[in-house]
Every structure is written in structure tokens, then in C-alpha cells.
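Colleague: Heads up: the protein sequence lines correspond to chains X and U, in order. With the first sequence counted from 1, adding 218 to any position gets you the numbering used here. With the second sequence counted from 1, adding 2 to any position gets you the numbering used here.
No lab work stands behind these hints: they were computed from the structure. Backbone N, C-alpha and C fix where the C-beta goes; we use that ideal spot for every residue, glycine too. Incorrect hints may have been included.
[Stated by the list, open to error] Label pairs and their in silico Cβ distance ranges:
1) U:M395 / X:L375: 35 to 43 Å
2) X:E315 / U:E346: 47 to 55 Å
3) U:D82 / X:Q343: 26 to 34 Å
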Amino acid sequence: MSHCAPVSLRTCLTVYLTTNLGIRGAMLFSVGVFLALVLNLLQVQRNVTLFPPDVISSIFSSAWWVPPCCGTASAIIGLLYPCIDSRLGEPHKFKREWSSVMRCVAVFVGINHASAKVDFANNVQLSLTLAALSIGLWWTFDRSRSGFGLGVSIALLATLATQLLVYNGVFHYQGLQYTSPDFLYIRSWLPCIFFAGVITMGNIGRQLALYEYKFIQEKTHQD
Amino acid sequence: MTLREQLREKISAAFYRHGLLCASYPVPIILFTSASILTCCYPLLRLPLPGTGPVEFTTGVRDYSVPSHEPQGDLGERPDWYRGPPVAYIQQVLVKAAVSPWDSSLVTVDVFRSPLSRAFSLLEEIRNHVHSDSSGIRSLETLCLQVTGLFPGLRRMQSVLPEHGCLLVSPGNYWQNQRELFDSDPDLLKTIQKHEPKGLHTSATLRDLLFGVPGKYTGVSHYNRKRVVTYTITLVLSSYDARFLGSLRARLKQLHPSANCSLRDDHMVHVHFKEEIGIAELIPLVTTYIILFAYIYFSTRKIDMVKSKWGLALAAVVTVLSSLLMSVGLCTLFGLTPTLNGGEIFPYLVVVIGLENVLVLTKSVVSTPVDLEVKLRIAQGLSNESWSIMKNMATELCIILIGYFTLVPAIQEFCLFAVVGLVSDFFLQMFFFTTVLSIDIRRMELADLNRRLPAEAGLPPPKPGPLRPREVPPPPRPSPHTITLQTPAFRNLRLPKRLRVVYFLARTRLAQRIIMVGTVIWIGILVYTDPAGIRTYLAAQVSEQSPLGDPGGGGLPPHLGVAPVFRGGDPTSTLSIHPAPDPTPLPENQSQGHHGSARAGPLPQAPPAVPQITWGAEDEEGWRRLSFRHWPSLFSYYNITLAKRYISILPVIPVTVHVSPQEAIETRHPQDTRHPPPPIPKVSADLQTDLTLYKVAALGLAAGVLLVLLLFCLYRVLCPRNYGQNGVAHGRRRRGDLPCDDYGYSPPVSEISPLLLRGHSMDIECLASDGMLLASCCLAGQIRVWDAQTERHNIDFVGGATEPECLGSEARGPSVSGDGLSEEEDSYPLRHRTAPARPTLFTDQPDLTPLIDTNFTSQPPSHLSTPPREGFDFGGLVERAYIEHEPPSNSTYPSPSSASSSPPSGATADWESSVWAMELRGNLIAAGRSSGKLELWDAVEGSLRCSNEDGVSGITALAFLNNRIVAARLNGSLDFFTVEINKPLCLLQYRGAPGRGSMPPSPCYSSEDVISCQLTRSVQCAHQKPITVLRAAAGRVVTGSQDHTVRIYRLEDSCCLFTLQGHSGGITAIYIDQTMVLASGGQDGAICLWDVLTGSRVSHVYGHRGDVTSLVCTTSCVISSGLDDLICIWDRSTGIKLYSIQQEVGCGASLGVISESLLVTGGQGCVSFWDLNFGDLLQTVYLGQSSDGQGVRQLLVLDNAAIVCDFGSELSLVYVPSVLEKLD
């Protein structure tokens, strides 16, 4: 510890315990896993009117690695957002409170719910509605340019990755393994859902980071 | 004036008048609101209660026609759901088969093998049945429900259930409806058992589905003593054709007549299924509700500064909930029946409507000046927020309107609900919540009046005419009001009252009891009203177990009890075999011929030999004995839901089959005879039913216990122990000038101006003071020493402070920035007066510093004229530079003197590591570094006197008492050092009056002394984890560590006296003073008070969510601050929380006590002064111009009521003369 650049004591204690970042990451990870499971169930419900008893187990057995992947992604996103904020030097000050974060999560689940449960006339309508909802989510809870940019880029990347996975046959959509694969339908909602998810996780991450800044309020000295 | 401003003014005025109205007539308005809520909710009474059990409706078969979609008003008995065609018609063919007469040569397998084999021929018969008449030819293929493939997830079922074609289910499905497979199957039971799920199953099993009767009634087992096998062939029809079914019935009856059958076949039962909620559907629902509750929790937590926080939170929730109920009620009233699942969209509706307006209103009202009258306050608060409320509402309405034009029916309906909900929510906010708020504020006012009569004696009369304020325009902004300091004597007034409420709640456990009673009532209602629930089940159980001769109709619907027929299994039932007159006219082609096979009746003397096939009432509607999930699960395998739909169950077709023993033997599989004769089963059927009853009871009991436990946990989570917290800020006035505040009120003019001491290049890490000198250290490793005692510390101090900084920065040069350790000493005002040139130079032309710098480096001798000891710099490169350029010549010259005074024994400054801890006593500075090195510096001369490198682990905390230094290290060890001086101590003469400080007189060392620092004792592993805090007082050293323990050491012999255990988290804060009071706070949010003499715990309280960050004590109370931005004030003797102050988010956690009643806290770029007696905010002093600044992390109270705190890389000195005057 004596060979590094000068660090403040409390930072050093934090690093010593490696708690805070780890805790934040773990919390974000668990939130991501939880949301992935729940939203997956919602998507399955779209196609299955009633659950026969062994469907749940088949969901968990077929693609077990999806929720951990979602969790990891959400942890990364949630840590990335405050990091980018501090790098850009424009701290996010819009609605920084837990109630707003909760509202954001609820709206995110609601968007998923709508995409799963509501019958749209065609996929264009579905896409447009979801896009409007996602941008509304961003406008209501984020309003930062960095958040928007990050959200759009991550959403595009994730969509691309998912499509590649699907076309290579590694993975088929959970919600659709019970009916014929409808790629158009999937394509129409996937980017919007990803975007909304990125915004939500970023919101949570920022709120957690705020808590941490309050906790340490010390920065390791870089220069 | 633009239109917008006009509009704004009008809205504001309207809200002002409305606020006056609400505050003037609270009771009538609340009554009116309640009445309107009840009126709007009235239509909700007609909505059915939620439940999951299916509902039945019976109609006659003969005049049956498919019900139309349109509701028909005249048929009053017809339920709402009986509209349109059903999902399917179920026709069951109930087969009872037996080998008769029973031959003793038969083995047990024969009981069911040949009867089951008859199913295949029956199936053939049914499939091939064709009815032709004038309207055409109908076969089963045209009528039955065609299925198009099994649910893909059910690979297990694929071989068993029909995958396409007619949905026709029979036991033959086990063998793919192929007789050959059946015949070659060596073990039938194994085949059947193979498909059974393992473990406990609640829904219908495959065996139930295929056999169509509950498993224990089938008779397919080795222990079948009745030797009658029962099963059904279930036909699922998509359309109803009376003639086809009639001919099929006649045909089957003709082939297999049931002589003693008295089953009625004139009723068809329509079963309507409610929404099925399985665990998978429940998880998202529960998630949304959890999010909803978290949202409500976090929102209502922000309600503050009111009389009853919980009351207002309740009012807010009631507002939102009743607005939702109103919207549903109104929509129902106007004929919009909700098709959406109410429970699903409800959380989203709440989130859309939100609690924000309510909170904004509350904040706005409570931040109006308190010396106004209540109704004026309400009116003002309303009008202040009117514009934003209207704007928000308009925005939300716009968004919802946009959503309405998506033209998706579900979204449209949601939007419709949301619009009505928003409007009713607005109505309720304006009338209900505002009024409740006014009542609350009035209560608070009364309480305030009781307490502080003198301050508010000059108020206007409490009840002026309602018209009076009309002409008063809304006052633009409240003016800042005066600070009043109360005497501490008033504090005792409110403590008992609060405690009484707390004790009352705790004693009676009101909340718990109400929750429990409510739950019990709710469960009771649910159980009683659920048609498939326990009531019918128990009734059925009772009727089954009732003694012989009971006409099994006790709990069953009355039409079941028409024919008093004995149960089939009774040997005495032979007497009852009298065929009842068939109520329906038989089809003309029914054959009356009995096939002559054995009628078992006249052989009562050998009951086991002849299996009797009897038809009883329970066979008439045998499907009732199945699980009520039977049909839904059958259909769900084909991805057809029955939720909110209905099926029609046609009367069963009874088929009696008698198999002769010869035939049974012929169909026997070669392996069948190898089975050993089964043991006589010990468990009788009665016992089995008993067991089921017990199982149900045990499950119910377990569920009840679990529920109670869950509720208890929920209660503990929701209602923590600190009821007293709600009275937080009861008298606290906030003036809206915290930076994180969004009220927008202008801050009051502050007469306190902080002095910024600049000089450090990086964030300040440690602060230390002994009352006279003030030492600070930054991350770069620079230690700066300031004079804290200077009388006139305004300009002189700043001037004196900035001057050495310029020297230092210049001398460090760019290459050493960040690494140099410079130490400097403040100049004294006297010196500045004697040398007036420097201050004027600096105040006039601060940009000249580089000029001076170049002078300093290029012409060192010119500095001989400057007063000595202005500033020193010990950056290593600088030292080297000086050594290179200047031969050490003159001791009066600053830099060479410092260079020479640093011991040549390698005790050079260490700029690799940062200083983590620092203590200042006398003129010695002890600095602990992250490299584990302990250094002693002379504070006056700025020279390194000695250093000790015995330890390698970083020093996290230091204590310097008398001539001992205690260092706590990162690895948990504790080192005791002794400072030895060769010469006797003497006070430096120019250091001002020494007796000013309340600190114990600290030793001073002259520069000539040789100081050495010896490690006297090292306690390895004093703690298992890093030591986080170290305090020393009264001859004791107290350490707190992350290993959850606190240890007390004696300073003289470094002996561990006590290890205090009681925290469940790392120790974060410790306070000990001369009176031997020890308080510790931990990461678990707990605060413990200890008796240092005995090591016993005096009290243990939980005050914070999250870490306790700081602890201080006055003579009467303990003050703690936590990560939750809460400052709690506890009574020191009893450990009872007096009150707590909720700070804004992100406010610092540093605390300081200036006097008995004056508390200072550090915030974001500001420090706040609080009156400890009432928790009032006295003043907030901003340290810098920009309010976004750094948080104050360290705060040091000096003896002359000055406060030093760090502010990024600057130190800020705040002197509080006004407070001092009041206090004195």
C-alpha cells in the first residue's frame, strides 16, 4: 500500500475491505438477475395462457446462463454510469432520490408488462409505442445526454449480440420456444426494452454511487 | 405581461383562495370529500370479490340452446358469464367393469386387465359411431374439439396425450390406443405409475386425466377388494349436437346396458373458471407490488417537519388509493366495465399518478414562515406550488392523451383509467389532503404556541373573517425571520408527551393486533366464500364418512340427493338395486335386452365372489370428485385457457361391462400370474380419508403459522422501534437555504463570513489542533501549520496564510508537485504590522507571486530581509536543489536552516506515502504515514525531529497524550511510543497566553532539545481487522476496529483492560472524554454507551440506518450522525432518543459541539449551526461561492468558538461572534 500514489486513509480502508464497489456490483447484479427472471416469466406468459406444472423448471433448465448474463450486464452498466458522469464532469443531479428510482423501475416493469400482455395490431405499432415509452422513461427520470447516448449504444450492441446468438442457434428466445419463432416481433421490442433497461440500471447505479460518495467522499489521487 | 404570466397569476390567486377556504372550514370539507369518495366507490359493490374457485350453473338438456352473446335482462338467474358458446362440451362415458362371476383361479391382475382392455373396443365404437338423419351425416370427427399439437414444453406427455385430431381421452392413451401394445404390456400398473409425478402434487395428475375419476376410485390396483374397475372415456366436443349425442348414448346403452342405473341425464352443468393465478403469474405481480411499496415508502419518508409524519403519510396514501377506487367506480358507473386485470395494472396506475404532488404541497406549506397564520400559510404554500402542480398535471394529461391515440385497446383503457384517476387525485389533493395538512399544521402551531409563547405572542387573532384576506394578493416570498435562542429549560416540556405516545403504542401493540384481526377476518371470508374451498371439501368429507344409510346428500347440491342410493361398496346394498323409473324417454332404437350376464344381486351370501356394479348418485356427476383444476389443466396442455370462460359438462353415459372369467384368462399376459398374491392391505379406506383430512388440517395449520410469522416480520420491518422519530422536527424551522433544497427561497443575509485558508494543493486529509496551533495535512503530504489563536484573523490571517503558500508553491517547482512535504508556520499579526509591505503587496497585486518566486530562487540573499520562519518547504528535490546551489551557511536563513535541522540520520521526509493520521501537542506534530512510519515534526520550526520506522503497516490513527504516542495500524496492531526529551520543557514565549485553552497544558519543546521517539510496547493483533478509530482521554486509550469490538487500554502500561463487545458491525466512531464516558457507534447503526471503569454496557440503542459516522457528547446528551443523513440527539443518562434531525441528502457527517446548546454540522459546501435544545437550524454558512462544492468531512471546534473545517483543498475558518455573544 505504500507504493501506490498517495491515497487517503478511508479510501485505503475501503480498498482494504474491497467492500463498497463489490457491494454495489453485487446489488446491481442481484437486481439484474431478479429482473431478468421476472421479466422472462412475463414474456413467457405472453405465449402461455396457463402454466402447466413443469414449464417453470424447463425455463430454468434450458438457458440457465441468461439471468447471470443479465446480472453481469446490469452490474457493468450500473457501475459505468456514475463513472462516466464523473469522467465527463457533469454530475447527474436530476431527481436523485430513491422514490424516483423506484418509480423508474416500476415504469420499466410496466413497459415489459405492456410488451408482453398487450396485443398490438402489428409490429410497427408495438415498436413505436415501446420506443415512445422508453424515451418517455428517459425524459422523466434521466434527461442526461450521456445517459441517452450510452443507452442507445448499449441497446444496439445488445440487440446485435442477441441476434447473432439466435442466428447461430446458441440461444432461442425464452418466451418463444413454445410457439413458432417470430423474429419480427422480437426485433421490434428488443432494442426498446434494452434501452429502457439500461436507463433503469443506470439510474439505480447512480443512486447507489451517490450513497457511496456520501460514504467516502474521497477520491484517490490520480495526477 | 404575457399571457403565460397572466395565467400563472390567475392560477396562483385561485389556489390561494382555495387554500384559505380549505384551512377555514376543515371539517365540512373533509366530510364532503368522504361523501364523494363513498359515492364514487358505490358502484364497486357490484363487482365480484376475487376468488379462484369455479362457479356452476345448471340448465336442462332438452331445451338447451347456445346462449347468445348479448346480455338478456329477463333471465335473472342466469349468471353474467353464461354468454356465448362454451369453450367445449365435455361428454364422459363412465365405464364400470368387472369380471363376473369371480373365479378363485383368477389372480389380482385379472381384476383390471380385461376390464381395461374393453376400453379399446369402446373407443372403436365411439369413434365409428355415425348418426345420419335428414340434415346430414355426423360423426365424432365433425363435432369434437380438434387439437393442433401439444404444448411444446411437455415432452413427457407426448406419448400419452393425443397430439392432434379429436381430443378424446381414455385409459387407452397409456398404450397409444393400441390393443396390441396393451396386450404385450407385462406390467400395467408400472406403465400407469410411470407417468405419475414424483413428490407432492396438487393439480390434476395424468392418471386422473386419463381415467377421469380420482385415482382411488378407479380400482386399478392390486388391492381392489370390490373388483370393480371404473374409468371414463372423455370426449371433448366443440359443438353440441343433441341428436348425435342421443344416438351415441342409445348405442352405448344398447351395447352395454346398465340395468340398475338410475342416473339422471337431463341436466348439463356449466362450469365457469375464474382467473387462474399460479406461482408463475404471481411472481411478476408480487414484484410490481414490492416496487410499489418501496416507492410509497421512499416517498413518504420525505414528509418532514410536520406534526404527525405517519398521519400525513397515511393521508397521502389514502389520497392516492381512494382516487384509484374512485376512478374505477366512476368508470363502472358510466358503463365501462373493466376488462383489464385490476390487480395487474393497479401498481402502474399508482406510479403514474404518483405521490409527488402531495409531497410538493407539504414541503411548500411547511416552508412558509411559521409566524403567519395557519390558513395564510396553507394558502401561500398552495399558491407557491400552483403553477408547477398545474404544469405537471397538464403534462401528464398530455402524455396520457398521446397514449390514448395509440389505438391499442388495452392501452386506451389504461389511459382512460389513468385520466379519471388523475382528475380525481387532483380533486382529492386539493380538498382532502390540503385540509388534512391544515389540521396538522394547526396542531403543530398549537404545540409551538405552548412552547414558545414569547416568540409568537404578537400574532394576529386566530379567527379573522373569511373575507378579509381576499384583497390580499399572495405575498411573493417570505422574509427571513429572526433567530431566537431558547433557554435549555424548555426542553423538558415535550419529552414526556412523546414518550407517552410511544409507550402507549408499545404497550397495547395496537398495530399488531389490528393487522392480525384483519388477516383472520380476511382469511375467514376467503375460505368461506370460495366455492371450491374448504367448506365444500369438508362437507364432502363429512358426507362420505357419515354412517351407513345416510343419503349422501348432506353437503351436496340438492339435486344430487334425489335418489337415495346406497354407496356402491356396501355388501348390504343389494337391497337397493331397484331401477328407478327413467325420467327421460328412451330413444326408439334402444335395445332392452339384458345380455344375461351375471346379475350379482341374488347372491348376498358370497359378496366377495361376485363383484357388484352399482350406480349411485355420486356417479351422476363423478367429475365433481376430481380436482377443480382438472379441466383447466387438461386444456392447458393444449394451450387453451379456461380462465374467465366456461365449459359445459353433459350428463354421463353409463356403461356397465361384465367380463367372463374365461375372457379374463384369455387376455392374461404370461407374466401376470407370476405376481405374488398381494398382502392384505392394512390401511382401510376410512383411514385413508382420515389421513387426507389430517393432512389438510396440518397443512392449514402450517400455513397459518407461516402467515402469522410472515405478518410479524412484516410488522417488524414496517414499524421499527423508533416511533419517536416522527416528532423529528417539531419545532424546527428550516429556512430553505440548504443547497440541496429546492424551495427557492432566498437565503438570509449571513453575518458570518468564513475565512478560507488556502495553501494545500490537494484535498485535506487530516486536521489537528491543540487550541493554539492548527495543523493540516493534505493528500500530497504537505503539512501546514496555522495559528489558531490569532486575535485578528481576518486580513492578517489570510495574508499570513497565503504568503507562505506562494513561497512553498514556488519552491516546490513543477517536478515535485504532489510529492513535496512542505511545512510552514503562520506568521503573527505583530510581524505583519512591523512589516507592512507584504500584505499590501499581496492584496494589491496577487499576480506578482511568480515575480517573487523568481526572486526567491535566483537571489536568495535578498530574502534575508524577510522575517525568518515565514515558511519552509521540505520537498526532497527542493532540498537537493538548495544543497546544490547554496552551501549551508546561515541558520537564520529559512531553507538552509530547515535543511540542516533535519537530522542527517536518514530521517528524511517520506514522500512516497501519504499522511493518514496527525496529532498536534505543544509544538510537536506527530504524523502517521501509510507506510507505517511515525514522524515527529517541530511545528514552529518546521523541522523533522525524529522518525520511527518500526512498523510497516499503515498508521490509521494516532493519539498523543502527555509524552506518549499511540499509533493504530492497518493490520490491527497497536504501538505505544514514548517521546523523550533531553532538555526540560519550556513554553515558547511568543506563543500568546498559554492558559486560554481548556486543553491540558501540553509540553513545548525548544528547538535545541533532542527528541527521540521510542517504541515502548507493541500490541500485535490488538484487533483482528484494521483499527478505524483511536481516542485517548483520561489515561485511557480506546480503539475501535472493523472486527466489531472496542478495546480499552491503560495508557501508562499499555495494558488491555477491557474488550467491549456489543456491536454487530465495524466500529466507526468513538467518543471519550475526561469524565470517562465512552460512546461508540458502529456500522450497524447502533450506539453503545459504556462505563469505562467497569467495562459494562450502559445502553445500546439503534438510531441510524447505516453507519454511525460521528459521535459527540455534551454533558447532557449524546449526538450522533449517520449515513442516513440523520442527526440523533440522545439523552446521555437514559439512552432515550430526544429527537432527530433529518438533513438533506448528501450532507456531511461531521459534527462539532461549540457549547452546551450549539451544534455545528458540516454539509455540502456549508456548515450549519443548530440549537441543540430544540433542533432548530440557526444558521447555515456557505464556505464558498459555488454551492456545488465539496462536502465538509472534518470539523474541528477550536477553543475560541471558531470552527475549522476542510473544504476541498482549502481550510475554512468560521468564527461565530453572534452566537458567542448570545451564549455568553
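Colleague: Now tell me, hint by hint, if it's right for this structure.
Modeller: Hints, verified against the model:
no.	hint	result
1	U:M395 / X:L375: 35 to 43 Å	holds (38 Å)
2	X:E315 / U:E346: 47 to 55 Å	violated (27 Å)
3	U:D82 / X:Q343: 26 to 34 Å	holds (32 Å)
Hint 2 alone, counting from the list given before, is not met by this structure.
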